[in-house]
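In order, the protein sequences belong to chains A and B. According to numbering that gives the first Met the number 0, the first sequence holds residues 0 to 653 in order. According to numbering that gives the first Met the number 0, the second sequence holds residues 0 to 262 in order.
In case anyone wonders, no lab produced these hints; they're calculated from the structure. Take the hints with a grain of salt, since some may be wrong.
Stated by the list, open to error - Straight-line alpha carbon distances no greater than 30 angstroms define the calculated DSSO-like cross-link-like pairs of lysine-lysine that follow:
#1 K513(A) - K453(A)
#2 K513(A) - K405(A)
#3 K513(A) - K143(B)
#4 K514(A) - K143(B)
#5 K566(A) - K520(A)
#6 K588(A) - K520(A)
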Amino acid sequence: MTATIDFDAPASPSASVAADGSLRRIVRGVPWPLLAAVALFFVAGAIGLVFLVAPDLKPLVFKQSLMRAFSAPLSRGGFLGADQLGRPLEWRLLAGLGISLGAAAAVTLIASVLGLAMGLLGGFFGRTADRLVTVVIDLTWAYPTILLAVVIAGILGPGVWTVIWALGLTLWAALARIVRAQVLVLREQDFVLAAQALGYSRFYIATRHLIPNLMPIVILMATLFVALTIIAEAGLSFIGLGAQSPTPSLGKTLAEGFSFASSSIWPLVFGALTMISLVIVLNAFGDRVRDILDPKGRVPLPGRRLRDAARRAEAALPARAVDRDAVIAVDDVSVAIHGRRGATTAVSDLSLTLRPGQTLGIVGESGSGKSLSARAITGLLPEGLSLSGGRVFWDGVDIAGLPAEKLRDRRGRFVAMVFQDARASLDPLYTIGEQVSESLAAHFPGPRRSFRPKVLEMLARVGLSDPEIFYDRYPHQLSGGQLQRAALAGVLVLEPRVLIADEPTTGLDATTQKKIVALVKALQREMNMSVIWISHDLDLVGEIADEIVVAYAGQPVEIGTVEEVLKRPAHPYTLGLLESRPQATMAPKSPLRSVGGTVPDPGDWPPACRFAPRCRRALAICGTTPPPMELFDEGSGRRLRCYNPEPGAAEAGA
Amino acid sequence: MSRGDVLLSVEHLSKTYRGQGGRPAHKALDDVSLELRASETLGIVGESGSGKSTLARVLVRLTGADSGRADYCGVDLLRARGADALFLTRQIQIVFQDPNSSMNPRRTIRQALLEAARVAEHPPADIQGSLARMMEAVGLSREKLDAYPHQLSGGQRQRVAIARALAVSPRVVVADECVSALDVSVQSSILNLMLERQRELGLAYVFISHDLSVVHHMSDRMIVMRSGRIVEAGNPSEIMRNPQDPYTRELIASVPGSGFRAA
């Protein structure tokens with residue numbers, strides 16, 4: 000989803016992971032009561048461990064007094080009462096917490112170190128090592144922990160250390176698998192290749208470049224290991240493989256409490272309460288850590304309520320004159336992003352009309368808001384974004400007035416979209432034919448099979464010759480160009496009035512791009528469709544569009560016919576874009592013109608003209624008063640947002 | 000050594016990737032021969048699967064070849080070990096495509112440049128001062144040294160990637176699609192930077208891209224690759240004017256705007 004939103008790196012998860020250390024992010028992101036509860040358990044555990052080792056304090060935990068056996072809470076036997084040997088339960092539980100958390104820490108350490116090392120070995124130290132590691136992981140995976148515990152108990156005798164080794168030597172495999180998969184991705188990253196090209200050893204690269212980037216996963220898995228160990232220790236102690244009397248691990252206390260429950264229920268009750276609260280706290284903590292460290296776990300804030308509020312406010316305003324012939328008319332639309340610090344405008348002042356059969360090109364660099372503009376036109380904004388003003392008309396009907404159900408039904412048949420990443424828009428589990436049928440099934444009644452002739456015809460029309468064969472192919476069996484053809488078939492089979500193509504050829508080879516452009520042109524003629532073609536490439540848009548919208552920092556700055564805009568650009572930004580591309584007419588290796596600086600992010604837009612800080616023709620007024628979009632030249636109908644247009648354009652336009 | 004002397008010569012280089020999981024073997028390089036002279040730019044244009052990136056990786060020894068020869072100033076590039084390998088590392092560096100992955104997200108720009116500067120034959124005495132000069136040479140302020148990669152724009156990251164490649168004072172820089180992920184306005188400033196550095200330091204570039212007009216603009220000589228083979232080689236303007244191979248003709252015809260802007 001994020002790939003189609005038109006913003007630069009700051010939103011990308013990997014970047015924000017790097018912003019500061021994982022641990023700092025956890026401390027900041029976990030609610031303080033939860034953090035305090037985790038800290039409390041660990042401090043209590045540490046104190047409990049001290050009680051187990053310090054000779055002066057040991058008797059508190061171990062000293063028997065049969066006189067006080069099974070005494071009730073708040074009696075002479077202690078605050079929480081005493082167990083079957085008269086030992087105060089609070090000290091036993093405190094020490095048990097120490098043993099269980101200590102064991103958990105040991106297991107986590109063993110499993111993390113082993114998992115990280117094995118994962119790295121497999122992923123980064125050659126094919127032979129990888130095969131070996133994979134076999135060992137699979138064997139470990141297949142071998143039950145409890146069997147290993149029996150084997151280890153045979154060597155070490157039952158006890159806490161048996162539990163630690165049995166768990167440590169099995170849990171690592173889970174981490175190693177994930178680490179290995181992550182390393183396979185990381186090792187192809189350019190920074191790893193660059194370090195290799197600088198001649199650094201694998202060991203250096205693994206420690207300096209790979210491990211720091213693997214830490215979030217290790218921390219994530221570690222929180223899981225801790226909770227798992229607590230529960231597994233209880234289980235193993237219960238069946239006699241874990242802690243032995245008189246060692247008071249939580250599992251042992253529970254097991255003894257269970258045996259003597261008929262004499263006193265309290266040891267079992269308090270043991271279980273301690274255990275349950277500990278596991279709940281650890282799991283809640285683990286969940287939060289996963290939300291913080293897992294880039295996919297992030298949930299954007301929904302924007303629906305705000306959008307509805309905006310719609311209601313808009314409905315009160317009288318409708319402005321709208322071009323009734325237009326297939327799509329957009330009137331002063333703006334789009335807002337809702338983040339933690341309130342709403343930020345990402346697109347504003349968007350007004351345009353699309354006539355039947357016309358092709359409109361929207362051009363801009365990343366951050367210009369061109370993709371969001373297109374999404375606003377379809378009424379399909381991603382989560383966390385909303386239409387914060389203006390209206391969109393389909394065939395003269397304000398889509399804000401349509402009920403959601405009706406809008407959904409009309410959407411596919413009226414306006415269709417194809418994206419840059421055709422592979423991502425197709426489901427890898429279904430054949431091409433099934434997916435094209437799916438589009439029809441969403442709008443028309445009847446069994447899927449009945450759509451087959453129509454689907455085959457569509458596949459043939461998008462140039463997938465031998466449609467019978469392509470009908471049964473899966474997305475991974477197709478090349479990039481074929482995938483884009485299949486994606487086109489999937490939306491065009493509904494014969495929409497408008498096709499919105501969002502960078503559909505970016506990333507494809509030039510020769511393939513040319514074929515896709517020719518295909519869309521041909522289909523447009525056949526189906527009498529209007530097309531909105533979004534691209535960063537002015538030259539490409541020049542080949543396909545009748546009219547061009549040049550967008551900068553979330554608003555259109557120049558709208559005109561292809562001839563006018565490309566041959567006599569009026570906005571300094573348009574000219575800057577055109578001059579940045581090397582031309583065949585230029586002397587090779589001569590300096591290229593360039594627009595200095597970068598597109599500002601939404602929220603950082605200059606107050607008046609948003610291009611002014613990068614503009615070589617900026618005047619004083621450009622920094623004080625926002626330039627309006629005005630008719631620039633009567634004849635061609637070109638509109639421009641600029642106080643000081645390029646002189647070449649003015650002469651020609653006059 | 001002066002301008003025009005042959006630095007790098009590659010003869011009959013071939014490399015086949017073994018097919019995995021039932022896929023057929025893939026011939027990435029098929030009998031490729033080329034020469035790179037001092038201070039010149041050799042442009043390589045090709046589409047996906049043409050073998051151009053494999054060639055880049057062979058030149059900086061990230062991957063080997065199955066057969067053929069590659070020789071840099073008398074050192075065998077395919078079999079270099081020890082001191083020879085270090086010599087090659089210092090002579091041939093690389094700039095990659097993706098500004099998002101070219102830097103370790105968890106290390107500062109200073110750490111990234113330091114890592115490269117340490118490899119140089121004569122690390123400067125005042126290494127911190129030299130880092131600041133490296134930044135200025137690629138048009139970045141020295142304050143950016145302590146920034147993390149995500150705090151820089153794509154263009155700025157690509158400038159750092161160039162600074163990192165230049166930190167070992169190489170004679171050859173392999174640029175593998177180094178402007179393909181950038182917006183046009185940023186792309187032109189990076190290309191200008193590369194041209195400036197070349198004039199000043201006498202660098203030789205192997206400039207690899209799928210973008211014919213960019214390769215044409217940057218190169219002294221140009222090679223067109225397809226499916227691991229060189230289909231055409233020669234003077235860039237000559238090739239554009241009078242392409243011999245049908246594939247080159249198709250490639251030229253596919254450049255968007257070629258018809259419109261020529262008018």
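Going down the list of hints, with the structure as the test:
Annotation: proposed proximity of K513(A) to K453(A) holds, straight-line Cα distance about 27 angstroms (limit 30 angstroms). The straight-line distance between the Cα atoms of K513(A) and K405(A) is roughly 37 angstroms, outside the 30 angstroms bound, and the hint therefore fails. Taking the CA atoms of K513(A) and K143(B), the gap is near 41 angstroms; set against the 30 angstroms cutoff, the hint is violated. A C-alpha spacing of about 44 angstroms is found between K514(A) and K143(B), which places the hinted pair above 30 angstroms, so the restraint is violated.
Only pairs whose Cα atoms come within 30 angstroms are accepted, and K566(A) paired with K520(A) is accepted, the gap being roughly 22 angstroms. A hinted pair counts as satisfied when its Cα atoms are at most 30 angstroms apart, and K588(A) with K520(A) does not qualify at roughly 35 angstroms.
Going through the hint list in order, the structure does not satisfy hints 2, 3, 4, 6.
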